[in-house]
Structures are given as structure tokens and as C-alpha cells.
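The listed protein sequences derive, respectively, from chains A and B.
My numbering applies: residue 96 is where the first sequence begins, and numbers increase by one.
My numbering applies: residue 96 is where the second sequence begins, and numbers increase by one.
I should point out that these hints are in silico values taken from the structure, not numbers from a laboratory.
Any given hint might turn out to be false.
Identical chains share a label here; the pair holds if one copy fits it or two copies do between them.
Taking lysine to any residue pairs in the SDA-like style, the calculated list, with each CA pair at most 20 Å apart, reads [as the list claims (entries may be wrong)]: (1) LYS275 / GLY240; (2) LYS160 / TYR114; (3) LYS160 / ARG260; (4) LYS160 / HIS269; (5) LYS160 / GLY307; (6) LYS160 / TYR306; (7) LYS275 / GLY307; (8) LYS275 / LEU171; (9) LYS275 / ILE237; (10) LYS113 / GLU246.
As the structure is a prediction and not an experimental result, all values here were calculated from the model.
Chain residues, written in single-letter form:
There are 2 protein chains.
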Amino acid sequence: MRLAELSARSGVATATIKYYLREGLLAPGRQVNATTAEYDESHLRRLRLVRALIQVGRVPVARAKEVLQHVDDDSLGRTIRLGAALWALPQDPGPDEEDTAVAAARQEVDALLRRLGWETSRELAGLSPVHRSLVTAVATLIRLGYARDGEQMAAYAELMHQVARRDLDFLETHGSEGEKVEVAVAATVLFEPVLRALHRMAQEEESARRYGLE
Amino acid sequence: MRLAELSARSGVATATIKYYLREGLLAPGRQVNATTAEYDESHLRRLRLVRALIQVGRVPVARAKEVLQHVDDDSLGRTIRLGAALWALPQDPGPDEEDTAVAAARQEVDALLRRLGWETSRELAGLSPVHRSLVTAVATLIRLGYARDGEQMAAYAELMHQVARRDLDFLETHGSEGEKVEVAVAATVLFEPVLRALHRMAQEEESARRYGLE
């Protein structure tokens with residue numbers, strides 16, 4: 096397809112597509128003559144991912160480039176490739192090591208992961224920005240004096256594990272190896288707002304059922 | 096307790112506490128003489144909530160005041176009071192009504208709520224900012240061409256309903272009526288980052304189990 100059709104099908108303005116091409120976020124089309132290039136479904140798919148990252152995930156352009164490099168690096172296995180791409184996304188802030196609540200939070204997270212049997216997550220503890228985000232979030236609960244109990248946290252984790260299983264089941268049915276990583280990154284960025292809204296809506300629904308709307 | 100102890104127990108600097116007092120985010124203490132006021136557990140609890148809103152939820156001070164007015168309005172029933180407080184929190188953006196994907200998303204959300212039997216959420220559709228956030232998130236999926244199926248969305252919603260049931264079970268065991276609304280607002284702000292981190296970590300864990308770490 097030509098640039099105009101790529102723009103129409105993706106809903107991205109041609110000027111924006113040209114900008115993404117210049118910045119290397121989108122591979123060049125196949126040049127058919129001096130002024131015309133031909134694009135295919137892989138360009139459309141990539142363009143959707145770039146939009147998801149930049150417009151929904153509010154990922155800066157330089158950071159989006161880094162994410163895409165990991166997505167395209169087929170020297171890596173799928174978990175590492177997906178992990179590298181997801182880790183390059185903007186993360187919640189890491190813990191402030193000066194804070195005494197952080198050491199307590201780290202122990203609590205470690206106890207949780209042991210209880211759950213999440214061995215990979217324990218192995219990745221020193222590396223993963225997701226682990227750091229969880230430690231930060233738990234440290235905040237500790238610092239503000241909010242009660243947590245191990246059983247409650249484990250129950251939340253098991254539910255989020257069920258969500259993650261569905262995420263991956265969905266990927267199994269979607270496209271080639273390269274596409275799977277693309278879809279996974281987009282899904283992380285695009286489905287988190289869906290899950291957050293469903294959670295808040297479920298709170299309203301359940302609260303109304305238990306206590307009425309008076 | 097005196098201001099110094101309130102500061103030590105909450106981890107909030109005395110200058111910041113004085114600022115919250117001036118701004119009306121914290122009720123004045125009981126004046127024991129011209130220069131000294133006495134604070135109690137309710138001040139400590141409120142201070143923790145204010146910190147959760149401002150530091151973790153990044154709620155602007157004026158908005159935090161509005162949230163607290165709803166928390167304190169005991170003319171309202173619990174669902175409405177909690178709803179009003181939660182609705183005053185910063186929300187994901189509402190849908191762009193010019194966007195043709197929005198009408199399709201609204202239909203999809205309505206079909207989902209019917210399927211789930213979430214009648215209150217359907218009744219609140221025109222009012223709730225959470226409903227608007229969900230429509231926006233689904234419209235983005237539609238616009239970017241990401242497949243959704245009703246069964247998958249319903250399964251995610253059922254899982255988030257289980258999370259919400261646990262949220263409310265936790266509240267049942269925590270404190271007086273006024274405290275419940277305070278704890279609920281803080282929990283929404285403080286637990287969302289925990290759930291997001293648990294979700295991403297579960298994705299890593301599940302991916303490693305299915306595909307290995309190679």
C-alpha cells in the first residue's frame with residue numbers, strides 16, 4: 096500500500112508517519128520509484144505499536160526506539176526479548192534506599208514470592224524494574240501504616256497470575272514469533288488502563304450490592 | 096500527642112503538617128494553651144490519607160480537599176460517599192466524542208456489562224468517570240485494531256470483581272464507618288501500584304515457565 100493508504104488504515108497523519116520514518120521508529124517502505132514507497136501489513140502493525148507506546152503509554156520517542164530494538168532482536172529467546180522490551184517501558188519509581196521501610200518491604204516481597212513459588216521472580220529480584228516497583232509500593236504501605244497480611248497479598252498475586260495466564264493464552268493464538276512480542280508489548284500498554292477501569296467499576300458494583308445506593 | 100510526636104509517628108515534617116492545617120486538609124488540634132495543640136489518632140489517620148493522596152496518588156491539594164469533603168460527608172450512605180470520594184480522584188481521560196471508535200466502544204462496554212449482570216454500573220453509565228475511562232480504553236483498542244473478544248473481556252472483569260470483593264472484605268474488618276471510607280480511598284490509591292506490579296511480575300513468571308529463560 097502507499098503512504099496515503101497506510102495513513103488511512105492506521106489513522107496516523109502522513110506527516111506523523113514521515114516523522115516516525117525519519118526517527119527510525121518505522122522501517123522504510125520498498126521504494127518503487129524516486130518519490131513513491133510501498134508499505135505492507137508489517138508497517139501497519141508496527142505503526143499501531145508505535146501509537147500505543149507514544150500516545151497511550153506516553154513513552155518518549157527515544158525510549159520507544161529502545162523498546163522496539165528489543166522487540167526486533169531475534170537473537171534473544173521470547174521471555175528475554177519480551178522482558179527487555181517491557182523493562183524498557185516507563186516504570187513506577189524504584190525504592191529510596193535511605194528509607195528504612197524499604198528493607199522491610201524487600202523482606203515482605205521475598206516472603207510473598209517464596210509463598211507463591213514464583214522462583215523466576217525471586218531470581219530476577221536484583222535485576223527487574225518490576226520487582227523494584229513492587230518493593231516501592233509495599234514500602235509506601237508500610238510507611239503510611241496500612242495493614243497488609245501475607246494471605247491477602249498472596250490472594251491478590253494469584254488473581255493477577257490468572258490475568259497473566261489469560262494474557263499469554265491470548266498471545267499463543269496471535270501471529271508469528273516477531274508479532275507475538277509486538278502484540279505483548281502493545282497489550283501491556285493498552286490493557287493496563289482497561290484492567291484499572293474494570294477494577295474500579297467492580298468496586299462500585301460490589302459496594303452497591305453490599306450496601307445499596309443510598 | 097503534640098505536633099512533634101504527630102510528625103515523628105507519621106513521618107511528615109512539622110512544616111508540612113502546618114501547611115496541611117492552613118490548607119484545611121487536616122482538622123485543627125485541641126488547643127491546650129496559646130502555643131500548643133493536642134492531636135489524636137484521627138489526626139494521624141487523616142495525615143496518612145493526605146500523604147497517600149498527595150505523594151502517591153499525585154492528587155493536587157485542591158482536589159485532595161474535595162476528596163476529603165466527600166469522605167467526611169456523613170449525610171451520604173457508604174456507597175455514595177465512597178463513590179463521590181473515588182470519583183474526585185484524578186481519572187484516566189474521558190473519551191473524545193468526535194472519535195468514531197467511541198460509539199463502538201460504548202456499545203461494547205454496554206454488552207459487557209449486560210453479560211456480567213453489572214446493573215449498577217449500567218445505571219451509572221452516564222455519570223461515572225470510571226465508565227468513561229473504560230470506554231476510552233476500549234476505544235483505543237478499537238482504533239489501533241487490537242482484537243478483543245467478549246469472552247476474554249468478561250473473564251478479565253470477573254477476575255477484577257474477585258479483587259474488588261477482597262478489597263471490600265478487607266474494609267469490613269477495618270474500623271468505624273468514617274474510617275472505612277478513609278481506608279477505602281487510601282487503599283484505592285495505594286493498592287493500584289501493587290496490583291500493576293504483581294500483574295507485570297506474574298507475566299514474567301508465567302512467560303519464564305512457558306518458554307524458559309533462554
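Do the hints match the structure? See the list:
In this assembly of identical chains, LYS275 and GLY240 lie within 20 Å of each other by CA distance solely across copies; the values are 15 Å between and 42 Å within a copy. For a Cα distance limit of 20 Å, the shortest separation of LYS160 from TYR114 inside one copy, 13 Å, qualifies, whereas the shortest one across copies, 43 Å, does not. With identical chains, the CA atoms of LYS160 and ARG260 are never at most 20 Å apart, being 28 Å at best within one copy and 40 Å at best between copies. In this assembly of identical chains, LYS160 and HIS269 lie within 20 Å of each other by CA distance neither inside one copy nor across copies; the values are 23 Å within and 47 Å between.
Taking identical chains as interchangeable, the C-alpha atoms of LYS160 and GLY307 are never at most 20 Å apart, the minima being 49 Å within one chain and 26 Å between chains. Proximity of LYS160 and TYR306 under a CA criterion of 20 Å is satisfied in neither setting, with 49 Å inside one chain copy and 25 Å between copies. For the identical chains of this complex, LYS275 and GLY307 are inter-copy neighbours only, at 16 Å across copies versus 44 Å inside a copy, given an alpha-carbon limit of 20 Å. Only within a single protomer do LYS275 and LEU171 lie at most 20 Å apart by alpha-carbon distance; the minimum there is 13 Å, versus 49 Å between protomers.
When the C-alpha separation of LYS275 and ILE237 is checked against a cutoff of 20 Å, the pair qualifies only between copies, where the shortest distance is 19 Å, while the shortest distance within a copy is 38 Å. When the C-alpha separation of LYS113 and GLU246 is checked against a cutoff of 20 Å, the pair qualifies neither within a copy, at 52 Å, nor between copies, at 38 Å.
Of the hints listed earlier, those the structure fails to meet are numbers 3, 4, 5, 6 and 10, in rising order.
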